[in-house]
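Taken in sequence, the protein lines are chains F and S.
The opening position of the first sequence corresponds to residue 1 in the working numbering, with each subsequent residue numbered one higher.
The opening position of the second sequence corresponds to residue 213 in the working numbering, with each subsequent residue numbered one higher.
Derived from the structure by calculation, the hints contain no laboratory data.
Treat the hints with care, as some may be off.
[Stated by the list, open to error] Heads up, incomplete: computed chain F residues facing chain S, CB under 10 Å, no partners named:
1. Phe6
2. Gly108
3. Asp110
4. Val113
5. Arg114
6. Asp115
7. Leu183
8. Leu200
9. Ala204
[Said to hold, decoys possible] Derived Cβ-Cβ restraints for the label pairs, each shown as a range:
10. S:Glu276 to F:Pro64: 42 to 52 Å
11. F:Ile35 to S:Ile393: 46 to 56 Å
12. S:Ala460 to F:Gly55: 53 to 63 Å
Only a predicted model underlies this, so the values are computations on that prediction, with no experimental measurement involved.
Where a beta carbon is used, it is the ideal one built from N, C-alpha and C, also for glycine.
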Amino acid sequence: MRLWEFYARNSQEVLGLVGQHLYLVAISTGAAIVIGVPLGILLTRRPAWRGPVLGVANVFQTVPSLALFGFLIPLPFIGGIGATTAIVALVLYALLPIVRNTYEGVAGVDPAVRDAGRGMGMTDWQLLTQVELPLGFGVILAGVRVATVVSVGTATIAAAIGAGGLGVYIFRGVAVVDDTLILAGALPAALMALAADGLLGVAARRFAWRSG
Amino acid sequence: MTKPLEVEGLGYDLPGRGKGERRKSRSLVRDVSFTVGAGETLVLLGRSGSGKTTTLKLINRLLEPTSGEVRVAGERAADLPVTRLRRRIGYVIQDVGLFPHFTVERNVGLVPRIEAWPPARIAARVRELLALVGLDPDSFAGRYPHELSGGQRQRVGVARALAADPPLLLLDEPFGALDPITRVELQREFAALEGRLGKGMVFVTHDVREGLLLGSRIGLMLQGRLAFLGTPDEFRRSDNPECRAFMAAA
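So here's chain F without its partners, still in its complex pose (with noise of 0.2 Å):
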């Protein structure tokens, strides 16, 4: 029962942690998905390109990420201590998944439907809007969905370079041995994690095309 009384205690401080831990999640999904969606798709155009952009992609996911935040602190514009290189970090690791799921969301269509829309007289551009990427939605928004529960996992080390978040607890916690403390942190964060995977699934469950 500590837990809640440490929460009873510190509300405020605790709302303010979960207010900018959400902010670095939505923030970060957010440009990633700006970046990532149209980027997939300029893979399906050119294919070439798919093998180098998403090996730069998966590098980035290689890297553990309390390195990357180190990496990151030295880089002028967008280094530096606070969420600004917590936030450019968490989109190089949501990249992958949004990329990679819109290359495959609009070029897994069926090409008897591309064929068929094509020869129909249907321009590049309508076949994307109309066809190619309301049908690749589901798998587009499962990329999403893999972004993000990962995001709000890997936002608790942001804290570590001092952009804030639930993170603080835990490594306040780790730092003076307090299994309390580590959970007022942890526990929001699995909650927050598991609360996005909930939601997301269910978008892309009502998005799943049967093909026909």
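Got chain F sorted already, so can you dock chain S onto it with the hints?
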């Protein structure tokens, strides 16, 4: 009156791999010429890989011809913007390719809609076409493709191809994926429809019986060339070895 389709010396070479001297191109279609009049159905018959589907795609420029000329309703296909050309050619393929997220009504009304017809005219046209292909508009217009049988889907596919009243219809083995009973049913109905529509049609098939039933003329393709062109009766009597081979299979 101009013919729906005139094809002259049509050829298509697949660009070869490799560089310089070793770069050899492979010819998929060579020197194919024919015309199709209004109300006429030309059946392109041939084995797999004989170039019949390629010929069809050269007509609506899903592939760009490397030689020869195609004229649709008197206009050179190469001179038209490719989307405009395709909107005046109905196209039906074996896998139908209905849009799974569109209702039957939106599928059939696709070309009229991208051509910006007024909605009331599109709705009326869709109902007229569904009735024409033997589907009750009231019960089918609002359905989605996954709620239809294979035969019903292909009826919708034919209705969609006819939507903007194109002078020319290209059909690529439209009944090839259907079960034998549905296939015969649709072939009979299609035979009855051909005369009423008064359109030029090019119908690709490897089924000689289907070709003889539906074609006003048969064009037999062999290794990218038109090996024979004539009426079904002439085809039956022909001494051409490839014609004989097909007749033996019938």
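- Task: With chain S as the partner, please determine if F:Val113 meets the hint condition of a C-beta pair closer than 10 Å.
- Result: 5 Å, holds
- Message: Restraint: F:Ala204 near chain S, CB-CB cut 10 Å. Satisfied or not?
- Response: Violated, because the Cβ-Cβ distance from F:Ala204 to chain S comes to roughly 15 Å (cut-off 10 Å).
- Query: Does the Cβ distance between F:Ile35 and S:Ile393 fall inside 46 to 56 Å?
  - Reply: Holds - the Cβ-Cβ distance for F:Ile35 and S:Ile393, about 53 Å, lies within 46 to 56 Å.
- F:Leu200 as an interface hint toward chain S, with CB separation required under 10 Å: Violated, about 20 Å.
- Message: Using the nearest Cβ pair, does F:Asp115 come within less than 10 Å of chain S?
- Response: The hint holds - F:Asp115 has a Cβ within 10 Å of chain S, the shortest such distance being about 6 Å.
- Message: Just to be careful: measuring from the Cβ of F:Gly108 to every Cβ in chain S, is the smallest value less than 10 Å?
- Response: Cβ of F:Gly108 sits 13 Å from chain S, so the hint is violated.
- Item | Restraint outcome when F:Leu183 is required to lie within 10 Å of chain S by C-beta distance | Constraint on F:Leu183 not satisfied, violated at 45 Å.
- Query: Is the hinted range of 42 to 52 Å satisfied by the C-beta distance from S:Glu276 to F:Pro64?
  - Reply: Holds - the Cβ-Cβ distance for S:Glu276 and F:Pro64, about 50 Å, lies within 42 to 52 Å.
- Item | Closest C-beta approach of F:Phe6 to chain S relative to 10 Å, hint status | 49 Å, violated
- With a cut-off of 10 Å on the beta carbons, see whether F:Arg114 makes it to chain S. Given a least distance of 8 Å, the restraint on F:Arg114 holds.
- Check the following: the C-beta atoms of S:Ala460 and F:Gly55 are separated by a distance inside 53 to 63 Å. Because 55 Å falls inside the window, the suggested range holds.
- Interface hint compliance - F:Asp110 to chain S, C-beta minimum distance less than 10 Å: 7 Å, holds
Violated hints for the displayed structure, listed by number in ascending order: 1, 2, 7, 8, 9.
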